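K.L.:
Position chain B relative to chain A; hints supplied.
For the record, the sequence lines run as chains A and B.
Residue numbering for the first sequence follows the working numbering, starting at 121 and increasing by one per position.
Residue numbering for the second sequence follows the working numbering, starting at 121 and increasing by one per position.
No wet-lab data here; the hints were simulated from the structure.
Note that the structure is a prediction, hence the values are computed from the model and not measured.
Some hints here could point you the wrong way.
Unchecked claim - With a straight-line cut-off of 30 Å between C-alpha atoms, the simulated DSSO-like cross-links for lysine-lysine are:
id, chain 1, residue 1, chain 2, residue 2
1, B, K168, A, K168
2, A, K199, B, K262
3, B, K223, A, K168
4, A, K248, A, K199
5, A, K199, B, K247
Number of protein chains: 2
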Amino acid sequence: MKRVVFLMLGVVALVSICVSMAPAFGQGSGGGTAIYVTKMPPGYRDWKLISLAHEAGNLNSFAAVLGNDLAYNAFHDGKLTYPDGSIIAALHYGHVPSDENNKVFGQVQSFVPGAPTNTQFMIKDSKKYAATGGWGYGHFNKDGSVGNETLMKTCAPCHAMASRDGVFARYAP
Amino acid sequence: MKRVVFLMLGVVALVSICVSMAPAFGQGSGGGTAIYVTKMPPGYRDWKLISLAHEAGNLNSFAAVLGNDLAYNAFHDGKLTYPDGSIIAALHYGHVPSDENNKVFGQVQSFVPGAPTNTQFMIKDSKKYAATGGWGYGHFNKDGSVGNETLMKTCAPCHAMASRDGVFARYAP
Numbered sequence: 121m122k123r124v125v126f127l128m129l130g131v132v133a134l135v136s137i138c139v140s141m142a143p144a145f146g147q148g149s150g151g152g153t154a155i156y157v158t159k160m161p162p163g164y165r166d167w168k169l170i171s172l173a174h175e176a177g178n179l180n181s182f183a184a185v186l187g188n189d190l191a192y193n194a195f196h197d198g199k200l201t202y203p204d205g206s207i208i209a210a211l212h213y214g215h216v217p218s219d220e221n222n223k224v225f226g227q228v229q230s231f232v233p234g235a236p237t238n239t240q241f242m243i244k245d246s247k248k249y250a251a252t253g254g255w256g257y258g259h260f261n262k263d264g265s266v267g268n269e270t271l272m273k274t275c276a277p278c279h280a281m282a283s284r285d286g287v288f289a290r291y292a293p
Numbered sequence: 121m122k123r124v125v126f127l128m129l130g131v132v133a134l135v136s137i138c139v140s141m142a143p144a145f146g147q148g149s150g151g152g153t154a155i156y157v158t159k160m161p162p163g164y165r166d167w168k169l170i171s172l173a174h175e176a177g178n179l180n181s182f183a184a185v186l187g188n189d190l191a192y193n194a195f196h197d198g199k200l201t202y203p204d205g206s207i208i209a210a211l212h213y214g215h216v217p218s219d220e221n222n223k224v225f226g227q228v229q230s231f232v233p234g235a236p237t238n239t240q241f242m243i244k245d246s247k248k249y250a251a252t253g254g255w256g257y258g259h260f261n262k263d264g265s266v267g268n269e270t271l272m273k274t275c276a277p278c279h280a281m282a283s284r285d286g287v288f289a290r291y292a293p
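Chain A with its partners taken away, still in its complex shape (with noise of 0.2 Å):
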């Protein structure tokens, strides 16, 4: 078996470096087709939160995780699958620290988002989706572009390891 290391769309997990035994894209999720999302959701922006995350290391990320209506009151009620219709949002940033928050507590404490560096969704469709596992997962680069096939197909393997219907995330209280 070959592993593979790769970029892996993780919604809890930003842009997450995941080692796996990666199965050719499509394999073990229905096969069919993979359809990605290539559309930002309109207004992602004002949803609501579901989590944060950091991701140490290289990565050195730090992310928001958001949800449409549907994927929020799944994740708040604790469901195990999310409806047909939910979005789950990762917006990613830099991990910096804050000059000005540090010169205050007079140390380095202090780790604020940085530039963004690219946003995530989920998109749940079971029929649409089918290929990989009823979720449509999109990635846009900070200058709005598409992730590439390469790392578009890493996504579902990596998610399908999740416990929970593909998703890394939990609901912050």
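P.N.:
This is chain B only, laid out in the frame that chain A set:
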């Protein structure tokens, strides 16, 4: 001058260790009697996201900074002062590794919100809270009890050192 290490009510800063030459409370902010926020504003968990914060070191804290519409709009539009009625909420959690995520990634890199630790508020009312720079400060422990007097006295002097109307947080786009 006596240097005092005090816990600060930092909206971007969680409950942050702040080293400061703290004035007697009320000095330098127009005098008067300090009034604290003793009741949580309803519905704050569903407010829009302003920013995130991570305090490293002993605090080991993760925060979501949310705002009501008045506060959110002021942040979003880059205002340097906040209108009366603005409310900023800082939801604090432990900054803990996610065992589930790290198993998938094959290394300890993923940090997520742990148990809630406290929730803090800043409410802008330039008359009511004149003694503390126009902001009323509130701190609620995880059991819902309010912060003690010693803690509450640290909020205003530390926030007075923030460059934008006593607010440390910046809008995360």
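K.L.:
Compare the structure with each hint and give your call.
P.N.:
Structure-based check of all given hints:
1. Only pairs whose Cα atoms come within 30 Å are accepted, and K168 of chain B paired with K168 of chain A is accepted, the gap being roughly 6 Å.
2. Taking the CA atoms of K199 of chain A and K262 of chain B, the gap is about 24 Å. The hint holds against a cut of 30 Å.
3. Proposed proximity of K223 of chain B and K168 of chain A is supported: the alpha carbons are some 28 Å apart, at most 30 Å.
4. Simply put, K248 of chain A and K199 of chain A have alpha-carbon atoms about 22 Å apart, close enough for the 30 Å limit, and the pair holds.
5. Restraint check for K199 of chain A and K247 of chain B: the C-alpha separation of about 45 Å exceeds 30 Å, so the hint is violated.
Going down the numbered hints, you'll see the structure goes against just number 5.
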